[in-house]
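**Q** Please take these sequences and the hints and turn them into a complete structure.
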Amino acid sequence: MLAKRIIPCLDVRDGKVVKGVNFEGIKEVGDPVECAAEYDRQGADEIVFYDITASHEGRGVILDVVRETAKKVFVPLTVGGGIATVDDIRDTLRAGADKVSVNSQAVKNPQLIKDGADIFGSQCICVGIDAKAISPNKWTVYINGGRIDMGIDLIDWVKKIEQLGAGEICLNSIDTDGVRGGFDIPMLKAVVDAVKIPVIASGGAGKLGDFADAFIKTDCSAALAASLFHFRELTVGQVKDDCRSKGINVR
Amino acid sequence: MTAIVDYGAGNIFSVKNALDHLGIESKLTSEVSELEAADRIILPGVGAFPAAMEMLRKSGLVDTIKAQAKVKPLLGICLGMQLLFDRSYEFEECEGLGLIGGHVDRIDDPGLVIPHMGWNKLVYNHSCPLFDGLDESYVYFVHSYKAFTDDSSLYAYCEYGSRVAAVVGDGKFVYGCQFHPEKSGSAGLKMLSNFCAL
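The listed protein sequences correspond, in order, to chains A and B. Each residue of the first sequence is one higher than the one before, counting from 1 in my numbering. Each residue of the second sequence is one higher than the one before, counting from 252 in my numbering.
Treat each hint with caution, since some may be false.
[To be verified] Below, a list of computed lysine-lysine pairs in the BS3-like style, where the Cα atoms sit at most 25 angstroms apart:
(1) B:K309 x B:K441
(2) A:K132 x A:K189
(3) B:K278 x B:K441
(4) B:K323 x B:K278
(5) A:K246 x B:K372
(6) A:K189 x A:K246
(7) A:K217 x A:K132
(8) A:K72 x A:K132
(9) A:K196 x B:K423
(10) A:K217 x A:K246
(11) A:K217 x A:K114
(12) B:K441 x B:K323
(13) A:K246 x A:K159
(14) B:K441 x A:K71
(15) A:K108 x A:K132
(16) A:K114 x A:K160
(17) B:K423 x B:K441
(18) A:K72 x B:K441
(19) A:K71 x B:K278
(20) B:K278 x A:K72
(21) A:K108 x A:K160
(22) A:K138 x A:K71
(23) B:K372 x A:K72
(24) A:K217 x B:K372
No wet-lab data here; the hints were simulated from the structure. On a predicted model such as this, the values are computed, not experimentally measured, just so you know.
**A** Listed below in structure tokens is the structure:
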């Protein structure tokens with residue numbers, strides 16, 4: 001049976017792991033290659049690097065991080081943040097990433113999903129989505145880190161990206177992100193029911209039981225968290241033990 | 252020396268990284284002479300079946316791989332495994348390398364999430380040297396098509412709706428893994444090291 005995946009996400013800026021505690025006060029917490037290796041030891045099923053480097057010059061650094069990590073860590077690696085062109089996808093995969101995650105640029109230019117899937121295969125095109133509720137059971141898609149509402153209906157968007165050839169969706173709820181009260185179950189359920197491709201839950205994990213809760217209440221394939229694992233409040237192993245004790249199949 | 256066939260399809264650097272990590276001498280190559288000189292051959296691949304066969308044909312490697320598979324160990328990974336079979340129905344009917352009897356077709360079950368993506372557990376069907384000393388049997392899959400073959404060629408499978416061929420072989424030199432051993436943590440590395448000891 002296919003195991004539910006637990007995915008730690010590393011926010012990386014200029015080659016260093018950071019986590020924005022709030023927008024002003026980003027603080028460095030470590031070397032991304034070492035952090036990835038530690039998550040691998042804990043039993044992470046995949047590792048996501050999310051590049052928040054603002055400057056164009058800094059972009060090459062994330063590729064070095066991926067290149068070094070891929071020599072040491074033998075689980076799938078995904079890179080997101082700032083990927084805008086087919087060339088960006090090619091460079092990232094060639095550096096050793098198994099998947100790329102495209103978000104704002106895919107909203108601005110949906111053809112990027114189709115071109116990426118046609119050239120490199122759907123399996124390496126994950127579409128990241130930031131969405132927020134406008135009324136119960138209705139959500140719209142945001143870009144630029146959740147700052148701009150594009151007014152696009154979430155369910156229309158996920159159906160469209162599936163058609164364009166996306167291999168996976170990473171669904172981040174702006175409403176629950178950072179609140180630490182658990183994943184956004186209604187949004188997650190609505191998206192899982194609308195598509196056949198795997199959906200990763202993101203945004204809101206604050207305690208041990210939140211992961212199992214997402215797997216029990218929805219058919220999502222994976223759950224992702226950043227700060228919780230980062231500040232060592234929980235290990236991937238603890239999350240998996242909790243899931244296992246509740247009858248959820250994990251590796 | 253282990254030759255990794257470089258014909259423009261996919262995850263060759265990951266396979267190379269894994270062998271480097273294991274201290275196994277390997278080379279990415281598309282040269283006939285190097286495949287002939289190698290002790291064993293790994294055929295990687297991601298993407299679509301017809302495009303990959305076309306790239307192999309253009310590289311002039313189809314006959315070489317078929318001939319070498321009779322005299323030395325060959326391991327196909329993911330799409331590289333699917334290429335070992337007689338034919339595939341991905342987009343169109345397309346002839347494969349014909350090294351293992353069977354065909355490749357879409358995982359077709361309306362209730363399943365497709366692609367089959369993530370870690371699934373191997374169920375051993377026949378003994379195989381790749382399984383020696385394995386302590387963990389979850390491995391990483393990502394694919395939307397699967398192989399249909401005889402029981403004798405099916406060394407291990409996993410359950411996803413129905414049986415999915417995971418490790419296949421011809422009983423002699425040819426092996427194939429549907430999953431990515433180079434991305435399957437310690438279990439995958441162990442299988443790669445077992446293959447490279449053949």
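**Q** Is the hinted pair A:K72 and B:K441 satisfied, with a Cα-Cα distance of at most 25 angstroms?
**A** holds, 15 angstroms
**Q** For the pair supplied as a hint, A:K108 and A:K132, confirm whether the alpha-carbon distance does not exceed 25 angstroms.
**A** Distance of about 18 angstroms is within 25 angstroms: holds.
**Q** Given the hinted pair A:K132 and A:K189, is their Cα-Cα distance within 25 angstroms?
**A** At roughly 14 angstroms apart (the allowed maximum being 25 angstroms), A:K189 and A:K132 satisfy the hint.
**Q** Mind checking the alpha carbons of B:K372 and A:K72 for me, to see if they're no more than 25 angstroms apart?
**A** Since the Cα atoms of B:K372 and A:K72 sit roughly 23 angstroms apart, the hinted pair holds (cutoff 25 angstroms).
**Q** Between B:K323 and B:K278, is the straight-line Cα distance small enough, at 25 angstroms or below?
**A** holds, 16 angstroms
**Q** Can you confirm whether the C-alpha distance between A:K189 and A:K246 stays at or below 25 angstroms?
**A** Holds, at roughly 20 angstroms.
**Q** Mind checking the alpha carbons of A:K72 and A:K132 for me, to see if they're no more than 25 angstroms apart?
**A** violated, 37 angstroms
**Q** With the threshold set at 25 angstroms, check whether the alpha-carbon distance from A:K114 to A:K160 stays at or below it.
**A** Roughly 11 angstroms between the alpha carbons, so the hint for A:K114 and A:K160 holds.
**Q** Has the given pair, A:K196 with B:K423, been kept, meaning a C-alpha gap of at most 25 angstroms?
**A** violated, 38 angstroms
**Q** Is A:K246 close enough to B:K372, meaning Cα to Cα at most 25 angstroms?
**A** holds, 19 angstroms
**Q** Does the structure keep A:K108 and A:K160 at a Cα separation of 25 angstroms or less?
**A** holds, 13 angstroms
**Q** Can the restraint linking B:K309 and B:K441 be considered satisfied, given a maximum Cα separation of 25 angstroms?
**A** violated, 33 angstroms
Of the numbered hints listed earlier, those contradicted by the structure are 1, 8, 9, 11, 13 and 22.
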